[in-house]
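> Below, each chain spelled out in residue letters.
Protein chains: 2
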Amino acid sequence: MEVKLPTFNSVFSIDCVIFGFEAGELKILLIERNEEPFKDWLALPGYIVEQDESIDDAAERILYELTGLRDLHMQQFHTFGEVARHPQGRVITVAYYALIRINGQKELRPVTQYARKAFWHPVNELPKLAFDHSEIFETGFNKIRRRLNYQPIAFELLPEKFTLTQLQSLYEAVLNKKLDKRNFRKKMLSYGFLKELDEKQKGVSYRAAKLYKFDRRKYAKIFNNELNLDKVG
Amino acid sequence: MEVKLPTFNSVFSIDCVIFGFEAGELKILLIERNEEPFKDWLALPGYIVEQDESIDDAAERILYELTGLRDLHMQQFHTFGEVARHPQGRVITVAYYALIRINGQKELRPVTQYARKAFWHPVNELPKLAFDHSEIFETGFNKIRRRLNYQPIAFELLPEKFTLTQLQSLYEAVLNKKLDKRNFRKKMLSYGFLKELDEKQKGVSYRAAKLYKFDRRKYAKIFNNELNLDKVG
DNA sequence: AGATACTGTGTAAAATTTACACCTTTAAAT
DNA sequence: ATTTAAAGGTGTAAATTTTACACAGTATCT
Numbered sequence: 528m529e530v531k532l533p534t535f536n537s538v539f540s541i542d543c544v545i546f547g548f549e550a551g552e553l554k555i556l557l558i559e560r561n562e563e564p565f566k567d568w569l570a571l572p573g574y575i576v577e578q579d580e581s582i583d584d585a586a587e588r589i590l591y592e593l594t595g596l597r598d599l600h601m602q603q604f605h606t607f608g609e610v611a612r613h614p615q616g617r618v619i620t621v622a623y624y625a626l627i628r629i630n631g632q633k634e635l636r637p638v639t640q641y642a643r644k645a646f647w648h649p650v651n652e653l654p655k656l657a658f659d660h661s662e663i664f665e666t667g668f669n670k671i672r673r674r675l676n677y678q679p680i681a682f683e684l685l686p687e688k689f690t691l692t693q694l695q696s697l698y699e700a701v702l703n704k705k706l707d708k709r710n711f712r713k714k715m716l717s718y719g720f721l722k723e724l725d726e727k728q729k730g731v732s733y734r735a736a737k738l739y740k741f742d743r744r745k746y747a748k749i750f751n752n753e754l755n756l757d758k759v760g
Numbered sequence: 528m529e530v531k532l533p534t535f536n537s538v539f540s541i542d543c544v545i546f547g548f549e550a551g552e553l554k555i556l557l558i559e560r561n562e563e564p565f566k567d568w569l570a571l572p573g574y575i576v577e578q579d580e581s582i583d584d585a586a587e588r589i590l591y592e593l594t595g596l597r598d599l600h601m602q603q604f605h606t607f608g609e610v611a612r613h614p615q616g617r618v619i620t621v622a623y624y625a626l627i628r629i630n631g632q633k634e635l636r637p638v639t640q641y642a643r644k645a646f647w648h649p650v651n652e653l654p655k656l657a658f659d660h661s662e663i664f665e666t667g668f669n670k671i672r673r674r675l676n677y678q679p680i681a682f683e684l685l686p687e688k689f690t691l692t693q694l695q696s697l698y699e700a701v702l703n704k705k706l707d708k709r710n711f712r713k714k715m716l717s718y719g720f721l722k723e724l725d726e727k728q729k730g731v732s733y734r735a736a737k738l739y740k741f742d743r744r745k746y747a748k749i750f751n752n753e754l755n756l757d758k759v760g
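For the protein sequence lines, the chains are X and F, in the order given. Using my numbering, the letters of the first sequence map in sequence onto residues 528 to 760. Using my numbering, the letters of the second sequence map in sequence onto residues 528 to 760.
Careful: at least some of the hints might be erroneous.
[Unchecked claim] Here are the simulated DSBU-like cross-link-like pairs (lysine-lysine), alpha carbons at most 30 Å apart as the crow flies: (1) Lys729(X) to Lys708(X); (2) Lys714(X) to Lys713(F); (3) Lys737(F) to Lys704(X); (4) Lys714(X) to Lys729(F); (5) Lys670(F) to Lys745(X); (6) Lys748(X) to Lys705(F); (7) Lys748(F) to Lys688(F); (8) Lys670(F) to Lys727(F); (9) Lys633(F) to Lys704(X); (10) Lys748(X) to Lys713(F); (11) Lys670(F) to Lys714(X); (12) Lys705(F) to Lys705(X); (13) Lys745(F) to Lys705(X); (14) Lys740(X) to Lys722(X); (15) Lys714(F) to Lys714(X); (16) Lys727(F) to Lys740(F); (17) Lys708(X) to Lys688(X); (18) Lys729(F) to Lys745(X); (19) Lys729(F) to Lys704(X); (20) Lys727(X) to Lys705(X); (21) Lys688(F) to Lys655(F); (22) Lys633(F) to Lys670(X); (23) Lys688(F) to Lys713(F); (24) Lys740(F) to Lys745(X); (25) Lys670(F) to Lys670(X); (26) Lys745(F) to Lys729(F); (27) Lys670(X) to Lys704(F); (28) Lys670(X) to Lys745(F); (29) Lys713(F) to Lys748(F); (30) Lys688(F) to Lys714(X); (31) Lys633(F) to Lys705(X); (32) Lys633(F) to Lys688(F); (33) Lys748(X) to Lys670(F); (34) Lys655(X) to Lys633(X).
The hints are simulated quantities; they were obtained by calculation from the structure and are not laboratory data.
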């Protein structure tokens, strides 16, 4: 492939805002950088796109290399292109988000040197991050807050089987407000895409709640793969 | 500024999906290309980002150079990064949209050689466009369709003074469905951000309609600069 | 047996959305 | 002057959705 295009020393990168939900708290994935610039700072997992990979592929690869996580459903949400956002040159970065079940087993283990470690951090009280990563995080958080209302993203954060109270507290964490229990349940169940299981919560020291499952097929059928979880909050 | 980053021959570009509204029809701005590849094809206005400009600045400049239009409120909506989307090399493009009042006076005149001419084309029955521009257009159209419901973008497409029927037919054009006249008016007026003027439409051969103005201040006050024009359609 | 902690449930009032049709006004045509 | 054509402008009742609100039931632990 002959390249005739005018070029300059420029780099595409990817940054990832990965949300998880644990102990009633919303968290994101951070790394501790092991490379200049911003060595030792906390940052979003992010790195440089290769010549022969699409940005979607790059996002998956980079997240894997920096955190050991794979096969997330990542989605681009904004591109940051200020001239001076990177101290070493012109770097335009495409930001992606994903949502994931945090899971004791899944180990976070960077497979490159660029990150010393990767870990979950509550979205409240985030420290200052490297580069413009604080801004990227804010933009991504606003994005999923809005998307919660018309896409079934909540279910990607919960275990496969969950109670209605868990679902509600996730909504409360993302929207940052209290919801009414009876109204929330009525609304959620009315959609018809939650499947009630013949199973109950285990290991709690109080009355165990029923477990539910998100039924992706029914959801797609009902909403033609999108629509209007409006006014849950 | 020392560049230590790994690089490869790569290019950032911008493509613009500019919407206008005229004669009850939604249109977008196309150019006729005067350069290989895709010479003589129709395309979205788009070109390459310079080293020392932010992508937002680049979007404004490029639109101006290819069409003569300036000072639009452009907003990024998606980044396209497939490896082979450009036949001459790796080009990642950030797509922007803007909405504008089409206006007999405003002349469309490219100021570079890259475009032979620029013109408005109805969004229905678009021909095949260069590169992946048809896909970019579709993505942008879906975006504004959704945004219509929670951002005051409709008013950017209409003349400063407009009738409620014009407003309604714009909504109908974007959403591609008929709305009920009485309900539409009730809803729109209930928001309280439309200012009724002491003026009527002129030059029509039937009863002239009242003119209204979008009151940006009231809008911001009411909605804290955003929210919920939900369920107009 | 009692304490603790969360589960699970219904109803009435208020607000919003929907469906629906005809008379009025203006300019142009006759 | 009268008629015609074309769009302007208006209200109400029914249906649906949203909201506000409280307490008895059950599992576990001590």
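> Quick check: which numbered hints come out false for this structure?
3, 4, 8, 9, 10, 12, 18, 19, 21, 22, 24, 30, 31
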